[in-house]
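K.L.:
What follows is the residue order along each chain.
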Amino acid sequence: MENRPVTTESPFVKGLLITSAVVILTLFLLMPLFAVFAEAFRRGWEVFIASLHEDAALSAIKLTLLAAAVSVPLNTLFGLSAAWLVTKFRFKGRAFLLSMIDLPFAVSPVIAGLVWVLMFGAQGWFGPWLAERDIEIIFALPGIILATVFVTFPFVARELIPLMEAQGSDQEEAAVTLGASGWSIFWRVTLPNIKWGLLYGVLLCNARAMGEFGAVSVVSGHIRGKTNTLPLHVEVLYNEYQFSAAFACATLLAFLALVTLGLKSLLEQVTGQKAGGH
Amino acid sequence: MKIVNKSILLICSLLVLNSCGKKESGGTVKLLNVSYDPTREYYVDANKAFTAEWEKANGKKLVIEQSHGGSGKQARSVIDGLDADVVTLALAGDIDVISREADLLPKDWQSKLADNSSPYTSTIVLVVRKGNPKGISDWGDLVKPGVQVITPNPKTSGGARWNYLAAWAWAAKEYSGDEAKILDYITRLFKNVPVLDTGARGSTTTFAQREIGDVFLSWENEAYLIEKEFPGKTEIVYPSISILAEPPVAVVEKNAKKHGTSEVARAYLEFLYTEKAQELAGKHFYRPRNAAIAKRFVDKLPQLPLVTIDADFGGWEKAQRTHFDDGGTFDKIYQP
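The listed protein sequences derive, respectively, from chains S and P.
Mapped onto numbering that gives the first Met the number 0, the consecutive letters of the first sequence carry residue numbers 0 to 277.
Mapped onto numbering that gives the first Met the number 0, the consecutive letters of the second sequence carry residue numbers 0 to 335.
Derived DSSO-like pairs: lysine-lysine, alpha-carbon spacing no greater than 27 Å straight-line: (1) Lys172/P / Lys190/P; (2) Lys61/S / Lys29/P; (3) Lys106/P / Lys257/P; (4) Lys47/P / Lys60/P; (5) Lys133/P / Lys299/P; (6) Lys61/S / Lys60/P; (7) Lys72/P / Lys154/P; (8) Lys61/S / Lys72/P; (9) Lys172/P / Lys143/P; (10) Lys72/P / Lys257/P; (11) Lys275/P / Lys111/P; (12) Lys61/S / Lys47/P.
Derived by calculation from the structure, the hints in this document are not laboratory data.
The model shown is predicted, which means the values in this text are computed figures rather than measured ones.
Using the sequences and the hints given, assemble the complete structure.
P.N.:
If you want it as structure tokens, here you go:
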């Protein structure tokens, strides 16, 4: 049999496809990214450093890290248990649960913020009860965390469900016949199988938690140096005509995206090597 | 599973911490001023001046926190529980809503401080491109064919409502109150508006940064801010008549009482009437109420005939109902 090329397209079509992919990538990804960095450094290093060192910026960074530090572990736990439940067992209402997990993806972030205002706002269902006890949720840290948790709800679960579905429950069943307890099955069989998928889900969840704008904007109250997260701070600076400072803070978010991408490809490499090494 | 326990613990402690944080702690008094978009720069300076003065007199530390956004949106947030000690908004109507919907301050709040509770005023001016290429000198020029006018949406923006009423006031004078002619003028004016942004800052960006439109109906202080931020690109044209905009301030009495800040909140708003704060207002292109100080800024902020909302439009409640509520004149003249 003679050797034939795998693809059958003419060189012209190939060239066209590759060129258009490169052009689109440059136009929609590289240029905006470049613009963010160029704008941030337009007034020099000093302004860049100073705008990140300002009190309001520091507090925004702190608040963003704090919101992520609470919502990511919570959603990791939730994602793990939901994926475990949905893929290892068959029960009534399973399809309903699956679509509920996707709900935060389906609703607009503005709604995701407004539901908390409706529940915990001063005119909301629990508003008077909370006010009597002097507990603040909306326009304070707990509200920001609630909104972040809500919008980042599905990331880990969505990453794990297809993976665990594909793996099936054969190995767990084998472990049961060998007399392993529930916990040791989880730690020794399930978790090692899904750890890279889990890490990837956590990465995505974290990226969104730090970058969320809409839902957090609704519940934040925009108190400078107190309830502005990093994305909100960027908007405030932009509206104040402080373009360099706005883009300096935006580079932090862009940097986060780049780190996420880097870690993601590192993860893929590691998993590839592991698979090849065994 | 330790992670879980820790995060639950963390949330609980945050809730508790947060509920305590609001009270005065360690001799520090906190004040939250919820304001609208263009006042940011002014209040940064005014807060600094008041804090220094108050700390010296009282021997305690004072921290004034700021929140800015569209005036209507900010009022909504206060109603929903944003814990403002004082509000400093774009128009009395927005504070009326807080009083009506949430009962956080008395109905007669506007009589609690001097000059309708507005320590500074502003007006609406026309901003044109450098050299005024379309030759715009008054409201009548806005309806010429080929002139693009930028203004935010009166349904959502406080500033836009002032714009609308200022144009209305000119037409009322020009056509000696003939309502059909006034409506025709306003209709043609809005035919020349290519984009209606939701807020004043959005419109400023549309005009100054994206360079859309020939003339921008703007707060006077925003107009000077554009000159500062985009030097040499724009000119300010003072029309033959405009409107006296009175952005009011008020203590949100229920909140302040809860925080134990009633006194300092009132002192803060009274401070806005002092010579020092009036001077700062002038520097940030707001018109000082104090006549002697206003005189010092007359080069920048010239006298011109100004109609008022109370004398010429029967107060905000009536103006809102006649012009901007559903079925009002704006709905009649504007078809998107």
